[in-house]
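**Q** Construct the entire structure; sequences and hints are all you get.
Here are the chains, one letter per residue:
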Amino acid sequence: NAGVMQNPRHLVRRRGQEARLRCSPMKGHSHVYWYRQLPEEGLKFMVYLQKENIIDESGMPKERFSAEFPKEGPSILRIQQVVRGDSAAYFCASSEGAGAEKLFFGSGTQLSVL
Amino acid sequence: GENVEQHPSTLSVQEGDSAVIKCTYSDSASNYFPWYKQELGKRPQLIIDIRSNVGEKKDQRIAVTLNKTAKHFSLHITETQPEDSAVYFCAASSPGTYKYIFGTGTRLKVLA
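Chains as they are written, first to last, in my numbering: chain U, 7 to 120; chain G, 4 to 115.
These are calculated hints, taken from the structure and not from any lab test. One should not assume that every hint holds.
Below 25 Å or equal to it, Euclidean Cα-Cα: the simulated BS3-like pairs (lysine-lysine) are [to be verified]: (1) G/Lys71 / G/Lys60; (2) U/Lys108 / U/Lys57; (3) G/Lys61 / U/Lys108; (4) U/Lys108 / G/Lys25; (5) G/Lys74 / U/Lys57; (6) U/Lys57 / G/Lys25; (7) G/Lys74 / G/Lys60; (8) U/Lys33 / G/Lys45; (9) G/Lys45 / U/Lys108; (10) U/Lys50 / U/Lys108; (11) U/Lys77 / U/Lys57; (12) G/Lys112 / G/Lys71; (13) U/Lys108 / G/Lys60; (14) G/Lys60 / G/Lys112; (15) U/Lys33 / U/Lys68; (16) U/Lys108 / G/Lys71; (17) G/Lys60 / U/Lys77; (18) U/Lys77 / U/Lys33; (19) G/Lys74 / U/Lys108; (20) G/Lys74 / U/Lys50; (21) G/Lys25 / G/Lys112; (22) U/Lys68 / U/Lys50; (23) G/Lys112 / G/Lys45; (24) G/Lys61 / G/Lys112.
**A** Quick look at the structure:
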């Protein structure tokens, strides 16, 4: 079991570009969560998805951010027109069932906006 | 809104001593409390968790205690070793929600 896979590990973008972060959950897991971690801070919930459905996006900024988890393929977190404040580590987690117990995290994507 | 406070933010202990990290949560409906260990540049890893119907749980050198009345829970690491050095995060989640509320982390340094 390869665990939660995220790519890329590091992503550098210039202001105004788009960032696409990918996450493949653990085998057998159909629930995906995205968290953002700013330097020296805890993880902040962004969005929870099941296959083809956004269940809770209460932590997502209203503009420029979107997420999807298609029937086939990885979950994608998309950030349009990135700004310096978007620089952070973005972690994906997955769980076997709903209710957010036993989350297993990926290694994260470190986004740097120049 | 929901909030989890974590103390201390940094903690240095001598190898072999015990370390205690404390968290307080605001949502009285919270019923699941995991602890994660994050080494520099790595993923958060679940080290222990406790549910609200249990007051204490132990796994080798690690234990977690929960006081529902006071709404706080603590991580205890005994006989600390240098490899215990990392940032530790507590979290809380409530039934019907799908997210963890994380504390701000404790940087533990075990001095050899």
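**Q** Next step is simple, just say for each hint if it's right about the structure.
**A** So, going through the hints one by one against the coordinates:
1. G/Lys71 / G/Lys60: Answer holds: lysine 71 of chain G to lysine 60 of chain G is near 14 Å, not above 25 Å.
2. U/Lys108 / U/Lys57: Roughly 19 Å between the alpha carbons, so the hint for lysine 108 of chain U and lysine 57 of chain U holds.
3. G/Lys61 / U/Lys108: Within the cut-off at roughly 17 Å; holds.
4. U/Lys108 / G/Lys25: Cα-Cα ~21 Å, so holds.
5. G/Lys74 / U/Lys57: 35 Å, violated
6. U/Lys57 / G/Lys25: 36 Å, violated
7. G/Lys74 / G/Lys60: 16 Å, holds
8. U/Lys33 / G/Lys45: 21 Å, holds
9. G/Lys45 / U/Lys108: 18 Å, holds
10. U/Lys50 / U/Lys108: With a Cα-Cα distance of about 17 Å, the restraint between lysine 50 of chain U and lysine 108 of chain U holds, given a limit of 25 Å.
11. U/Lys77 / U/Lys57: The hint holds at about 6 Å.
12. G/Lys112 / G/Lys71: Roughly 29 Å between the alpha carbons, so the hint for lysine 112 of chain G and lysine 71 of chain G is violated.
13. U/Lys108 / G/Lys60: This hinted pair holds, its Cα atoms lying about 16 Å apart.
14. G/Lys60 / G/Lys112: 24 Å, holds
15. U/Lys33 / U/Lys68: At roughly 31 Å apart (the allowed maximum being 25 Å), lysine 68 of chain U and lysine 33 of chain U break the hint.
16. U/Lys108 / G/Lys71: Holds: lysine 108 of chain U and lysine 71 of chain G sit about 21 Å apart, inside 25 Å.
17. G/Lys60 / U/Lys77: 38 Å, violated
18. U/Lys77 / U/Lys33: Measuring from Cα to Cα gives roughly 14 Å; hence the hint holds.
19. G/Lys74 / U/Lys108: The hint holds at about 21 Å.
20. G/Lys74 / U/Lys50: Cα-Cα ~21 Å, so holds.
21. G/Lys25 / G/Lys112: 16 Å, holds
22. U/Lys68 / U/Lys50: Holds, because 15 Å separates the two Cα atoms, which is no more than 25 Å.
23. G/Lys112 / G/Lys45: Judged against 25 Å, a Cα distance of about 17 Å means the pair holds.
24. G/Lys61 / G/Lys112: 22 Å, holds
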